[in-house]
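Given chain R's structure and the hints, the job is docking chain Y onto it.
Protein chains: 2
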Amino acid sequence: MRKVYLDNVAAMPLLPEVREAMLPFLGDIFGNPQSLHSWGDGARDAVEEARGRVAELIGGSAEEIIFTSCGTESNNLALRGLARAKAEKGKHIIISSIEHFSVMNTARSLEKEGFEVTMVPVDGQGMVDPDEVGRSIRPDTVLVSIMLANGEVGTIQPIAKIAEKLPKNGPVFHTDAVAAAGNIHVNIKELDVSALSLAGNQFNGPRGGAALWVKRGVRILPLMDGGIQEGGRRPGTEDVPAIVGLGKAAELAKKNLPVKVQRFSRLRDQLIEGVLGKIEHSILTGHPVQRLPGYASFCLQFIEGEGILMLLDSKGIAAASGSACTSRALKASHVLLAMGISHELSQGSTLFTLGLDTTEDDINYVLEALPQVVDRLRQMSPLYSKFLKEQKG
Amino acid sequence: MRKVYLDNVAAMPLLPEVREAMLPFLGDIFGNPQSLHSWGDGARDAVEEARGRVAELIGGSAEEIIFTSCGTESNNLALRGLARAKAEKGKHIIISSIEHFSVMNTARSLEKEGFEVTMVPVDGQGMVDPDEVGRSIRPDTVLVSIMLANGEVGTIQPIAKIAEKLPKNGPVFHTDAVAAAGNIHVNIKELDVSALSLAGNQFNGPRGGAALWVKRGVRILPLMDGGIQEGGRRPGTEDVPAIVGLGKAAELAKKNLPVKVQRFSRLRDQLIEGVLGKIEHSILTGHPVQRLPGYASFCLQFIEGEGILMLLDSKGIAAASGSACTSRALKASHVLLAMGISHELSQGSTLFTLGLDTTEDDINYVLEALPQVVDRLRQMSPLYSKFLKEQKG
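Those protein sequences? They're chains R and Y, same order as listed.
In this text, residue positions in the first sequence follow our numbering: the first is 13, and each later residue adds one.
In this text, residue positions in the second sequence follow our numbering: the first is 13, and each later residue adds one.
The following block holds chain R by itself, in its conformation from the complex (with noise of 0.2 Å):
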């Protein structure tokens, strides 16, 4: 059976360069990057390539990276560590309503700690409105965390624009580019932030391997306690695969960028006019145009993403009905919700992201048998009787 994987959010394959890179620190230069003899020499300057290599990717400097476990640890550090360095100065942080839990969950759990959260609503595109940021903003708030783009629909922020809309010398203004980073020109100056959150793993580095930028002289306090690794802002051994492999994946990014967005771009449009040209009763979800080169998302009206990702399983397609974070959850999605999507057309949540393998007869393979899935479920699904019936009657 044909295989086609289109689930790259949730994970996606190593570049073999990038394992070859990581090879060795699974191997004979094993040494701790904190160790003043010559075994430890090979890991710290591999570490400190990487944070040049990561650093480069957003356009900032290295001693600025923070390397973390993973953007769910990154968003926290950013969320916590800034927003607790600010608390004297005051306790209040702007959000979107469709950031990743990494961010909405700590947000609200920083609640508990006396701040107060505003969420700025979307469209529903999914699109902030930076005048809406601007009007939320108030003598008290000390962060600003609204993501660059969206892990389930894609819609990428216009983060430059918001940033216009804070006061200077305000807020910290924080963006989470963990979906965004690797797959789309990301770049902190152009930016106008103060901090920005990614993960190798969304552009084919390993897990393990993630960062936080912070601009030099912007305070955070660490999530943890413990020795003086990353200039004691993120404690513990350094894991030197993984920073390694994070360091190829950012060059590899990084110089395959344009080729890469070029590609993505065309088989998501292939994809997203199949979808919306074969089956009723569907919808794109997220913007039209500021969304991710390899994000194709849907709702698909009248049936559930899990029955629909169990039969594209059975014909060898691998999708997601949102977030990996929360898919087995099997709750309607925040983000659909947040934009305005009803409760029950949110349940045929789908999506599609684009991998390097990715060709357009996989495209093509998909646009024949999701319209089959679809029937069939469909077929079997009271909705949609309901539906037919209301429709002649």
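Treat the hints as calculated values from the structure; they're not laboratory data.
Be a bit skeptical, because a hint or two may be false.
It does not matter which identical chain is meant; a pair holds if it fits inside one copy or across any two.
[As the list claims (entries may be wrong)] Think about it this way: if two alpha-carbon atoms lie no more than 30 Å apart in a straight line, the pair counts; the simulated DSSO-like pairs of lysine-lysine are:
#, residue 1, residue 2
1, K227, K343
2, K290, K327
3, K103, K124
4, K101, K124
5, K227, K103
6, K124, K98
7, K124, K227
8, K201, K15
9, K267, K404
10, K173, K343
This one's a predicted model, so the numbers in the text were calculated from it and none came from an experiment.
Chain Y only, in chain R's frame:
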């Protein structure tokens, strides 16, 4: 030049079997364990198998294992998560004065949240007195955290005896077993603890693969917020290769433990006897008997650890002067100071930690090289000249 690596506490090579077990998960089996399609199945099965292996190493149950990114995170999660979960019952914490920084600094950090910390002292061999812990218990004591074995001097604490001193249904008892697990027999029932930290990189497993065991029924709050991974207790995409490597390392550690303990103890004693016999004004630090099998730790008077490490390095020997987590801070070890060793003497701290490939010849080579290194440094040492003059006078 001969190479003798005796800094295994800072970093140790992966066992070939561990690397082999990890490689497929850096390759074809790249799925996300949370995925609902078949690409996730292999990853999910592997994570659950590893969970069982880790539980077996310490005599716990699989569902009591929370995977984390490192020992520091396990300790942070334990201290913060267990203390905060019981904050309404009381805010008193007991730790020892020789805990790793990830316990000690985290406890101090909790003071900012209103917790009070009692640090029980240790004797000259780094041993905690169970009665002293018992006497420190207060009605509002909610957490006791005493390490199983110290990572700088190797002293093994009488955890089971300490547990006897704790009131029934009283404080949660956590032990930092990062230096111990995989290196000595560890069983949570025999120790009678409610939480235990361990890390794969201390028994030839990968960095990125660590765990906190928390007894069923003991409440713990997460350190981070995000998705539903690890039952919500540790969100973030699972680092499957690291978890698989941890599981394999746990399996092998359990299997090979008796042989390793015997072999390490013999080589360690050869090294200790040799150093104490050949080098004047040298003392063994830590307990002479209740110590980790692979740990030979000394203070060599009149000279400094940094110099010792540099000259040993020039002879192809890797050693440490204390915790790698603070080695570059070049401060006197809080562990040695807590044991009553003078600030001056603690400067000459030197720690050799054995590895699976350490041979008798390696030990002989160190016993040949170290006296030369010490002689050379003492010839340049003002403290040593002063001492000699005083001897004569």
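Comparing the hints with the structure gives:
1. Proximity of K227 and K343 under a CA criterion of 30 Å is satisfied inter-copy only: 29 Å between copies versus 37 Å inside one chain copy.
2. Only within a single protomer do K290 and K327 lie at most 30 Å apart by alpha-carbon distance; the minimum there is 18 Å, versus 72 Å between protomers.
3. Taking identical chains as interchangeable, the C-alpha atoms of K103 and K124 lie at most 30 Å apart whether they share a chain (11 Å) or sit on different chains (17 Å).
4. For the homomeric pair K101 and K124, the shortest alpha-carbon distances inside one copy (17 Å) and between copies (18 Å) are both at most 30 Å.
5. For the identical chains of this complex, K227 and K103 are intra-copy neighbours only, at 21 Å inside a copy versus 36 Å across copies, given an alpha-carbon limit of 30 Å.
6. Taking the shortest alpha-carbon separations for K124 and K98, both the intra-copy value of 16 Å and the inter-copy value of 15 Å come in at or below 30 Å.
7. Within a single copy, K124 and K227 get their C-alpha atoms as close as 27 Å, and across copies as close as 26 Å, so both meet the 30 Å cut-off.
8. Proximity of K201 to K15 under the C-alpha cut-off of 30 Å is found in neither arrangement, the shortest distances being 41 Å within a copy and 47 Å between copies.
9. Neither within a single protomer nor between protomers do K267 and K404 lie at most 30 Å apart by alpha-carbon distance, with minima of 56 Å and 70 Å respectively.
10. Proximity of K173 to K343 under the C-alpha cut-off of 30 Å is found in neither arrangement, the shortest distances being 33 Å within a copy and 47 Å between copies.
The structure is inconsistent with the numbered hints 8, 9, 10, although it conforms to all the rest.
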